[in-house]
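Dock chains B, C, D, E and F against chain A, hints included.
There are 6 protein chains.
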Amino acid sequence: MNKQAKINPPKSETDGPKILVINPNSTSTMTDKIAKFVDSHKASGTFVETLNPSNSPPSIEGHYDGAMSLPGLLEKIKWGEKNDFDGFVVACFDDTGIDACREIATGPVVGICEASLHMASMIAHNFSIVTTLPRSIPIIEDLVSKYGMEKYCRKVRSANIEVLALENDETRAQNNLLIEIKSAIEEDRCEAIILGCAGMTDLTHWLSKEAGIPVVDGVVSALKIVEALIGAGLKTSKVGGYSTPIPKDY
Amino acid sequence: MNKQAKINPPKSETDGPKILVINPNSTSTMTDKIAKFVDSHKASGTFVETLNPSNSPPSIEGHYDGAMSLPGLLEKIKWGEKNDFDGFVVACFDDTGIDACREIATGPVVGICEASLHMASMIAHNFSIVTTLPRSIPIIEDLVSKYGMEKYCRKVRSANIEVLALENDETRAQNNLLIEIKSAIEEDRCEAIILGCAGMTDLTHWLSKEAGIPVVDGVVSALKIVEALIGAGLKTSKVGGYSTPIPKDY
Amino acid sequence: MNKQAKINPPKSETDGPKILVINPNSTSTMTDKIAKFVDSHKASGTFVETLNPSNSPPSIEGHYDGAMSLPGLLEKIKWGEKNDFDGFVVACFDDTGIDACREIATGPVVGICEASLHMASMIAHNFSIVTTLPRSIPIIEDLVSKYGMEKYCRKVRSANIEVLALENDETRAQNNLLIEIKSAIEEDRCEAIILGCAGMTDLTHWLSKEAGIPVVDGVVSALKIVEALIGAGLKTSKVGGYSTPIPKDY
Amino acid sequence: MNKQAKINPPKSETDGPKILVINPNSTSTMTDKIAKFVDSHKASGTFVETLNPSNSPPSIEGHYDGAMSLPGLLEKIKWGEKNDFDGFVVACFDDTGIDACREIATGPVVGICEASLHMASMIAHNFSIVTTLPRSIPIIEDLVSKYGMEKYCRKVRSANIEVLALENDETRAQNNLLIEIKSAIEEDRCEAIILGCAGMTDLTHWLSKEAGIPVVDGVVSALKIVEALIGAGLKTSKVGGYSTPIPKDY
Amino acid sequence: MNKQAKINPPKSETDGPKILVINPNSTSTMTDKIAKFVDSHKASGTFVETLNPSNSPPSIEGHYDGAMSLPGLLEKIKWGEKNDFDGFVVACFDDTGIDACREIATGPVVGICEASLHMASMIAHNFSIVTTLPRSIPIIEDLVSKYGMEKYCRKVRSANIEVLALENDETRAQNNLLIEIKSAIEEDRCEAIILGCAGMTDLTHWLSKEAGIPVVDGVVSALKIVEALIGAGLKTSKVGGYSTPIPKDY
Amino acid sequence: MNKQAKINPPKSETDGPKILVINPNSTSTMTDKIAKFVDSHKASGTFVETLNPSNSPPSIEGHYDGAMSLPGLLEKIKWGEKNDFDGFVVACFDDTGIDACREIATGPVVGICEASLHMASMIAHNFSIVTTLPRSIPIIEDLVSKYGMEKYCRKVRSANIEVLALENDETRAQNNLLIEIKSAIEEDRCEAIILGCAGMTDLTHWLSKEAGIPVVDGVVSALKIVEALIGAGLKTSKVGGYSTPIPKDY
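So the sequences go chain by chain: A, B, C, D, E and F.
Residues 1 to 250 in my numbering are what the first sequence spells out, letter by letter.
Residues 1 to 250 in my numbering are what the second sequence spells out, letter by letter.
Residues 1 to 250 in my numbering are what the third sequence spells out, letter by letter.
Residues 1 to 250 in my numbering are what the fourth sequence spells out, letter by letter.
Residues 1 to 250 in my numbering are what the fifth sequence spells out, letter by letter.
Residues 1 to 250 in my numbering are what the sixth sequence spells out, letter by letter.
Hints were generated in silico from the structure; no laboratory data involved.
Please read these numbers as outputs of a predicted model, since none were measured by experiment.
Don't take every hint at face value.
Heads up, the list lumps identical chains together, so a pair's fine if it works in one copy or across two of them.
Said to hold, decoys possible - Here are the simulated DSSO-like cross-link-like pairs (lysine-lysine), alpha carbons at most 30 Å apart as the crow flies:
no.	residue 1	residue 2
1	K209	K238
2	K182	K155
3	K235	K82
4	K78	K209
5	K235	K151
6	K182	K238
7	K182	K151
8	K235	K209
9	K248	K36
10	K238	K78
11	K78	K182
12	K155	K78
13	K36	K235
14	K146	K238
15	K155	K82
16	K209	K182
The following block holds chain A by itself, in its conformation from the complex (with noise of 0.2 Å):
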């Protein structure tokens, strides 16, 4: 099967829901990546395509690369719009832009920060974050207050990698990754850890067992949390906030 035709099954080919997920990144290896992960986690009967913008920065770190990232990312979305993708995920921890691509989707769109958030949860009475640089720290602590969630997140915390670390300097940034997360463990008394970059969710299984705790991957977090808004029939509501943008010229 072409890449075309699988973006555009026959709706017979598959009973259940068309998810695009989108690296709003420029880096096709972290996409495949994610692809893989995507796949590997995905129901029998969901059908998932993973791209990225072409036109956007090679990693997002910082409120700067996210807002460039902006368009190529919406582009997707109406890309997906067109070939009738059921629901969205957004595969960056700064869930960037998720707001402006609720107004321009019709399913729902769930950003992977969101989404490991609420399932972190439901498992655990708290939990820390790990992320990779620390210039990254105030963007996620803003969303964690911003979903309420302050109460459980302990801390975010940064394992001081470039985001492209864990795609080109494996061996030094999952070493840091676990040494944060082992520190998180002992000084924060979490009771799970969630990993704060999409390019980590590969490690998931791997630290998880290293930890002996619960890491919650935002990744598949995201991509289950679809699934399951498309099994209950929720799409995201129009009358209010994420109503259709206005039709402007220019």
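Relative to chain A, chains B, C, D, E and F alone:
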């Protein structure tokens, strides 16, 4: 297939999870209604058993009824554990006893209140909840606060109907419910509605059509969230407040 | 005076309130210790009966134990109602079942956690709580949040001792407790300490002397608060969430 | 017994605590009313003196009046210290100066606002407060927030009466108060009412009967809480923010 | 003086700061209006340039419009940096992109929402905000929460007018605005009003006179706050979440 | 120009606002230091008078000192009103009496704590505060909470120096301060520092250079904020809790 066989199918017969849905009150007609909607919303491959304890109040209307339902509920969780269930739904909107259930269950345990709050928060900026009797309002307000969802929740409202009126006085119950939902939309400016009782699950589709905004039902939400947690390989953390109870003689 | 007579003295014999203190676990040596300190702190004129259910866990260490103690606890409240008690203390720091108790009691019901939080907030800008096992920490953190006391509470800590070690391994228990209190003072910069277990009531005076700051015990606090509520003529509101349970057959 | 003798009875004459109730405004008829209700609610054995400074505003209506009452209030606390009082009530619903009082007093100091909030939170899921003039609403809202009681407080309301109307225009004052309380019950769905002014203490019983729900008066609440704190052997912590002021010449 | 000269005056010509005010939408008549009020309120010595991007939505009504305005906005910030501007105002009440702007600007960047919230909180106990369309309400509510101002904000309201109606349907717009402000005063008991759109800046004086309470405009507030920050020698911290973006090729 | 002339310059002589800065303690050397920094930071055209009451504690260290400074402070505000000052700064980091001041002043009144919190929140994601003595920590924590700034404030710390050590034991004071600031940066991961005492204003520049992150001084912040409020035409709202005190004889 007799009930016993259904409960404990050989693992080879299913490719999906085994989920136990427990209605903690003892009204079997409500359990049947829940079972019907759970069955029609479960993923292909999921095996679900829906049941209720017999030694429990016929409806849970207040803190006392909730407390009195706990021994029966916990017994059913233990039974589910022995029969290899992978996850559990507690189908009462008071999320009765879910913390205690989590201590004795291996797989995830999800309450229908928390599930619907999480789901609604990802498809709307805010919501109002409509429950049965006024006496349940403070219980639900406490849950909203416990889960950090105050900022999403416009108001907890009551349709002023007894829980069992949903079974045996349907016209009045449905009428009151619709009136209260319309008041919520107009007065609270909410973008979604959450149904605050397991017994309302069959009305979700109709109410959503009448209301013109998403109406979230906790029963289906919790089923889908448990499927999602199991699909993501997540179980309750056993290192802290949910660790297995210390065995005691009494 | 035999026990039966003591329970139901003619009203003329007392000029003060009749208060029932219930230790919801079934360890009578702990009940005796509680009784001793309640008796030495009650106001002249107050009549107090201290007892425990027999069909209850020997100690309450976690959500499950708490749930399993409820039938016995609620039975004792009913017994107190029949015997004209004017107010009730639930002497477990998890404030187990107090909402349910309030529905079936006429007079006020006070938990030892809430009582000590309120008391401490009026004599110090902040406090730390020291409980027994780590598994109780999240339960107490939830209570602190439920009562709106996050801003007063520096930290909930555990001395890492089983509840019954307070009865049968006293030297170790007291030692650990004092060490943890000293850590709290140094690390949390707290102005007061709250003892997070009913079984610590006899240590209050000693610990306060050792610590050099106020140490608040929940048992005595709750007794005095119940006396205060009765003295002010206040009873639980019966118009809302604490109204008398709707009678049900099961 | 003359006033001087009454103030400083030999310890042997009382078996209970000596409590000083200070009305920080200078209206002696209000002080007399407070004294009457304090006397009729004190525990047997408690000795109470109720008084007011003379160099103080006749009523405290706003931040400025509150500030101007402080020197007189603090002087009375010092006088109480010299005369061996064991505890203090500040009988203004703005809890004027209680933090400063705590620095110079040995025994506990309780404000009537905080006392009533704590009491009400243990007999109802929520309450509304009814005060005198609208200008006092933000002050009380700030106190509710300071004490962590936002989640219990439905609304702070004003009956639109001057403080002294409670003394010299009683019919209008009581009428307005009852009307506002009835609005609170209907509109706020509150389970209890708190009276937001010391001058309303004599109306508590009547208003409670008319309202059909518990009406909490701060004056009596604070008296009982001070008795409770003293009875529990608790004094203000002196290691942190309430430590004795550093002596200064000026 | 031609425009180019005006933009980059030799430092010797001004004794005050150079401030760039950016209207992130592309409607130049709105920019002109903003410029007029900025010019009439700037301190003597302050040099201000007011402009807008051309590749931006003509009005920002919702999350999507906000996202689409970011590339143009960030480009203008970069232009300002190159031309030695000392500080920046983002003149959209959604505070669009201010976090991203702060990463690339040397001097302070202030949004008109945050500026007006801070200003209003120092002249009133509370305020209500009146914006244009209902779809902007949740965005502003999120900002109020992000800035910690929930306790000051009574309600976010909409006058139900499109942003550009402020330019081309003035009578209706002004009328609706005044009606909504009067409702806010009566129903919310607020002490001040904040105008929730940059396009309302010219109405501030008139509305304040009509309303009889302070009406706070974000545009002038932000200008004055930027002057204040520059005057105090304060620049955005560059050690954490606002540090300069890591250079990336794409 | 003699002092009298300076206080009440003919309006024609200034094109900017007249601002009164009040140091509420009675230490004139501290007032002189404040005056010096206020003068060097005021806008051209602004006229500033800096003074202190004589009947006030020499330093404000705790609630009691704060209360005792109020009569002198309020007297100075009244004097400022009579002499046509357009705005007021209260130069004590406890924001002593600012609510009362707002009732009697026509122009805006700004405390140095609130001013620095607002300023810092616009240039950093978070900050820590370093004050003088530990006893001031709870007062400042309460202010942080009152202003809704908990989410920005990492920690309130004390350099363990008396206020007047900043005047007469400078080397030790400055040393301790720098050590505490460095601890804050390392342990709290804060992006900015706020100096928690008016007497530290002269150290701002030096500390900022040593710390390598923005150091915010309340005195200059408050001056600039008052200039900003006046420049925006904003005065304290007089319709609610800050309305002019009701005249009273006593």
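We went through each hint and held it up to the structure:
Taking CA atoms no more than 30 Å apart as the test, K209 paired with K238 passes between copies only; the shortest distance there is 13 Å, against 42 Å inside one copy. For a Cα distance limit of 30 Å, the shortest separation of K182 from K155 qualifies both inside one copy, at 13 Å, and across copies, at 21 Å. In this assembly of identical chains, K235 and K82 lie within 30 Å of each other by CA distance solely inside one copy; the values are 17 Å within and 37 Å between copies. In this assembly of identical chains, the alpha carbons of K78 and K209 lie at most 30 Å apart only when taken from different copies (26 Å versus 39 Å within one copy).
Taking the shortest alpha-carbon separations for K235 and K151, both the intra-copy value of 28 Å and the inter-copy value of 20 Å come in at or below 30 Å. In the homo-oligomer, the alpha carbons of K182 and K238 lie at most 30 Å apart only across protomers (16 Å), although the nearest pairing inside one protomer, at 43 Å, exceeds that limit. In this homomeric assembly, K182 and K151 come within 30 Å of each other (Cα to Cα) both inside a single copy, at 21 Å, and across copies, at 26 Å. Proximity of K235 and K209 under a CA criterion of 30 Å is satisfied inter-copy only: 13 Å between copies versus 36 Å inside one chain copy.
In the homo-oligomer, the alpha carbons of K248 and K36 lie at most 30 Å apart only across protomers (26 Å), although the nearest pairing inside one protomer, at 39 Å, exceeds that limit. Taking the shortest alpha-carbon separations for K238 and K78, only the intra-copy value of 17 Å comes in at or below 30 Å, while the best inter-copy value is 36 Å. In this assembly of identical chains, the alpha carbons of K78 and K182 never lie at most 30 Å apart, being 41 Å within a copy and 33 Å across copies at closest. For a Cα distance limit of 30 Å, the shortest separation of K155 from K78 qualifies neither inside one copy, at 36 Å, nor across copies, at 34 Å.
For a Cα distance limit of 30 Å, the shortest separation of K36 from K235 qualifies both inside one copy, at 26 Å, and across copies, at 22 Å. In the homo-oligomer, the alpha carbons of K146 and K238 lie at most 30 Å apart both inside one protomer (20 Å) and across protomers (24 Å), since each shortest distance falls under that limit. For the identical chains of this complex, K155 and K82 are neighbours neither inside a copy (40 Å) nor across copies (37 Å), given an alpha-carbon limit of 30 Å. In the homo-oligomer, the alpha carbons of K209 and K182 lie at most 30 Å apart inside one protomer (12 Å), although the nearest pairing across protomers, at 35 Å, exceeds that limit.
Violated hints, listed in ascending order, are 11, 12, 15; each of the other numbered hints is respected by the structure.
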